[in-house]
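Protein chains: 4
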Amino acid sequence: MSEISIIGAGGFTGKELLGLLARHPKYKAVHVTSDKLAGKSLSEVFPDLVSPKDLIFKKHEDEVPKGSLVVLAVPNDASLELTPKFLDKGHKVIDLSGVYRLHNQEKFETNYKLKHTSFSLTDKAVFGIPEIFRDRLKGADFVSNPGCFSTSVILALYFLGNLRKEIKPRIVADCKSGISGAGGRVEDGGFSFNGVYENFRAYKILSHQHEPEIQEYCYAGSGLPEPEILFVPHLLPVYRGILSTIYLEANSENLPFLETLAENSKSEPFIRIRKTPEEIDLAKVQNTNFLDISLRQRGKNITIVSALDNLMKGAASQALQNINLMLNETETLGLLP
Amino acid sequence: MSEISIIGAGGFTGKELLGLLARHPKYKAVHVTSDKLAGKSLSEVFPDLVSPKDLIFKKHEDEVPKGSLVVLAVPNDASLELTPKFLDKGHKVIDLSGVYRLHNQEKFETNYKLKHTSFSLTDKAVFGIPEIFRDRLKGADFVSNPGCFSTSVILALYFLGNLRKEIKPRIVADCKSGISGAGGRVEDGGFSFNGVYENFRAYKILSHQHEPEIQEYCYAGSGLPEPEILFVPHLLPVYRGILSTIYLEANSENLPFLETLAENSKSEPFIRIRKTPEEIDLAKVQNTNFLDISLRQRGKNITIVSALDNLMKGAASQALQNINLMLNETETLGLLP
Amino acid sequence: MSEISIIGAGGFTGKELLGLLARHPKYKAVHVTSDKLAGKSLSEVFPDLVSPKDLIFKKHEDEVPKGSLVVLAVPNDASLELTPKFLDKGHKVIDLSGVYRLHNQEKFETNYKLKHTSFSLTDKAVFGIPEIFRDRLKGADFVSNPGCFSTSVILALYFLGNLRKEIKPRIVADCKSGISGAGGRVEDGGFSFNGVYENFRAYKILSHQHEPEIQEYCYAGSGLPEPEILFVPHLLPVYRGILSTIYLEANSENLPFLETLAENSKSEPFIRIRKTPEEIDLAKVQNTNFLDISLRQRGKNITIVSALDNLMKGAASQALQNINLMLNETETLGLLP
Amino acid sequence: MSEISIIGAGGFTGKELLGLLARHPKYKAVHVTSDKLAGKSLSEVFPDLVSPKDLIFKKHEDEVPKGSLVVLAVPNDASLELTPKFLDKGHKVIDLSGVYRLHNQEKFETNYKLKHTSFSLTDKAVFGIPEIFRDRLKGADFVSNPGCFSTSVILALYFLGNLRKEIKPRIVADCKSGISGAGGRVEDGGFSFNGVYENFRAYKILSHQHEPEIQEYCYAGSGLPEPEILFVPHLLPVYRGILSTIYLEANSENLPFLETLAENSKSEPFIRIRKTPEEIDLAKVQNTNFLDISLRQRGKNITIVSALDNLMKGAASQALQNINLMLNETETLGLLP
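Top line first, the protein sequences correspond to chains A, B, C and D.
Quick note, the first sequence lines up with residues 1 to 337 if you use our numbering.
Quick note, the second sequence lines up with residues 1 to 337 if you use our numbering.
Quick note, the third sequence lines up with residues 1 to 337 if you use our numbering.
Quick note, the fourth sequence lines up with residues 1 to 337 if you use our numbering.
This is chain A alone, in the form it adopts within the complex (with noise of 0.2 Å):
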């Protein structure tokens, strides 16, 4: 069994991890921290989910178990604070947080508002979609976990492969994500009953901090200088799941677009390419670690769907999808049976 350190488990994609994590075949959680929970357990935190064994919750600067994998699920500050010491020890990590993502440093300190004070760990670090990054992927040391609404319009765009030449560099991304991928947290309350439920926004205008992370990987791959991106994120008055409407103008029409999707694809355990984007939706994707897409055609025009779980594929599950490369397991390990 190897073992795994949660920094900041007490948020929605903590608990995430730890109930996948209590039902896989070669890891356990051996350590869960969180400042606000410190010395509560974890089936008191989060009595619906089921663990081996019933961990207390330790302060973030409590001592992580040696040669444990550490998983930080910490704010951008915290995990600025906290990555470079683990690193530092001789811990493998993977950081969920959007600090170690951009390689250009000031797009990350105008997106974040925020100094970074480690920007050069950003080219020690994997970025973990493992569709793109596998082969870096495999027994490294450290990993940054890509943000949830950058996975759903990262892969949408890269399975489009050499036809991403063919498409005019100015794509709209329309996204709408359930509450637990729109910055609530767990264990502040998050958004209030009245303000979500039978209700709708958008947020972030032109100005969510994912956006250039898309921006920077979408293209990854092609040669091909980075595009456009107009991202405009909402809010939906349900629990989990992201679903990205993405417009494409081609510059000609005919062009075998979901064909292409699907060959790029076909050997993604965790991928599904639909015959249409209506089929496509939240209750197909939530509590698993898949992503589908989809597209509609029309002359030049190419408007794309795709869907995920942002607690899963697009934060734990993925997560741990990585964690197996990092270790060298089966990919698909605690995730397919």
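Note that these hints are calculated values from the structure, not bench results.
Treat the hints with care, as some may be off.
Each pair may be met inside one copy or between any two copies, as identical chains are not told apart.
What the hints assert, rightly or not - In silico lysine-lysine, DSSO-like type, Cα no more than 27 Å apart, as pairs: (1) Lys89 with Lys138; (2) Lys284 with Lys40; (3) Lys275 with Lys36; (4) Lys40 with Lys138.
Once you've looked at the hints, dock chains B, C and D against the given chain A.
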């Protein structure tokens, strides 16, 4: 008191209109029909509606009170059959179906999958958006009430006025609607709880029948050729409300989009221009005749957000606004105190 | 036009009352207060409310227009402080807090965990259920509006009339309320989405402050000693509405319970007796001043189901019904067409 | 690996059981039927389920793999027809319908409005609540899995043990269920969004078919005559979970109810006694096999609150707990790590 007959009063929109009429100082509903509900009383079917007089549902073909203004809230095929009859008998008619909105018969028949049997009537119908066609609506005998999605997009673009010349004629309209705007019928039970709750999806992607309507009217008065509209509706797990996110590209930067919106709509009683698009949400327009609009500008890109209540400004209260004009009453009567 | 001042107008109930007054033919809101919202305008705080005049929120202590009827929609401690002041200045007052409902000071102080500083006023307050105290409410200067749960249970029992002698004085009242009736405040954001959505729980089990109020008034006029009430409120993941399931045991079988309910309430404009309790649901009473009641009888057991809108018959519209009586207007004015 | 056949696998419960089996270390689903879904694959029907092998739905009458344990998740009439056939062929059978639970044929036929055609089988069926009938379930060939409401009430009373002698035999069980426990079927779309969302109601008041089942089993082992049960189910606008509020009257005050509950269930892996009934909610038991119980005592009155997931401890996971016993495996296998 002017008398109003509602043909097809058993649906979502019929109910809303009955609620508005019950409080209206000058109109009263005198005749309500529903083939399914014939014989039942209004208070039995809508126990949460308080009506001055407890009407009994009649059949569609039953005799309509002479001189009453007729509201048609029936499916498209029923409107094709009934509208000419009521016009022939000399009733003022406002039709809420999509049958008399498009001036291109082929587009109508393709989009509605329906043979048009009285296309010449379209030229006699005034399209019922008062903010655009107020003068022609005053005293009009025949009005075609617009679609709910359409209203939210058309007006957001219409109020850009001359700036419409400065935008590229390829417009993305990513719209999200509660279930009452998405085709479910109250008489049939509509959507299943299971398919909608904790779920979200797009439907009729680039193939919704409201797309040509948006296209025909959004550039009204501009002298410009119709733009290309990329319209994708989505189904929200809420009861009422539409929020539309509209993506434009301008020919140059720094054009005064928000100021223009505000200037062009400044005398409109039901249009509210918000300072930022993040302020806009469904809760602020539900149960009102308001349409809220704002936008974010970044370089040449403009993202407009608009919101309305699909049953109100998107259907029943806009119909009442039109009826006020048709009957030469104050436009806001029964809608504003 | 009679003038109405609302102290504490920024909450759920204040908003509802403002909506009712905006459409009332004889009253107008002239003064609204909220310590938190002072300085903001009504249309800014409640953009979905349409008011004849856009009032600005004042502080609680600001001068109230002379001669205006004062509605207090403030917490219990604030009411203790403010009510005597407004009465002293000669205003008619209707208080929506729980402070002047109970005639047993000890019970009040125990249940409300609050020292009563003006208990003698309780004797001057008329308890605001028109169906019971109509005669005393006419022209009254001081009314204590009842609780929302209380109204749903008290009236269901009150209309049993003489049959109350035939039931065992141990009554179970299992009540379920939407979040607006369960203590969340709109100004504070109220309950978290996370804690309410896809969830359900009981609270203040056998210890809710409305229990003694039900006990004191449910046998009004019967000459019987107060029964034992076992009151358990529950929190529904809905916005508005209360449904109460009340369990009685009769002394003998075959007593005419439903007939008696119907007979005793037959002239009441806002009480609707349904043939079967399965017909009763929240949707039928939401946004209305109706209280729906029915029951099932099996041997000596009677299960009553009643439903109302906690913000309407449970608060704002019942207050308006009372105000109509206090001002010697028609009781249904502004509530029925 | 033991092989499991699921007859009627297309419903809510079938889906849950398939999810549990996919992760079970010793069982695998080998045969799934649904007359409606025959020919479709599991991954097509339940895209959010991850199965080791993508089974194809068969017809109910198709040949079942020899030696497989048969789970019947079909309506009552189908169970009446199919159960005897599978038993005759030598399969171990666990039936999830209500057909073999009641030992009084007349009560069955009255409550289920169904003629019983194989009543003698009832004596061979072990009632599938392991906490009560563990010994008889070990190695059993035929198990009748209990109802979801029933489980939540029976166990709450059962664990009172000897104190059941001290309570009056008239028990109110006011139960609230999410839509998946209230009879909606996933194949049919179930309840309409419109009828459930922002709504709440009681149904089958004092006439639900689970009432006699509660009555027969809640006093199991006590030697006491069956008590009178007043059972009223309600429909919550949530997907899953049942919370039951149970009202008892004791013969005397100060009896140790909570302590007795705790003592009698202390070795049970799936029963959690909470210190206060306010701690209990649906979220804590959803997706688990736990039943949470607590109570409030006031004088002679006791109000018990219990909660479970109707699809899990109320159906599929309790079935798996029973299957573990039938196959002489560890009772918690596949349910606890």
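Each hint, compared with the structure:
For the homomeric pair Lys89 and Lys138, the shortest alpha-carbon distance inside one copy (21 Å) is at most 27 Å, but the shortest distance between copies (52 Å) is not. Taking the shortest alpha-carbon separations for Lys284 and Lys40, only the inter-copy value of 16 Å comes in at or below 27 Å, while the best intra-copy value is 35 Å. Only between protomers do Lys275 and Lys36 lie at most 27 Å apart by alpha-carbon distance; the minimum there is 23 Å, versus 46 Å within a single protomer. Neither within a single protomer nor between protomers do Lys40 and Lys138 lie at most 27 Å apart by alpha-carbon distance, with minima of 35 Å and 37 Å respectively.
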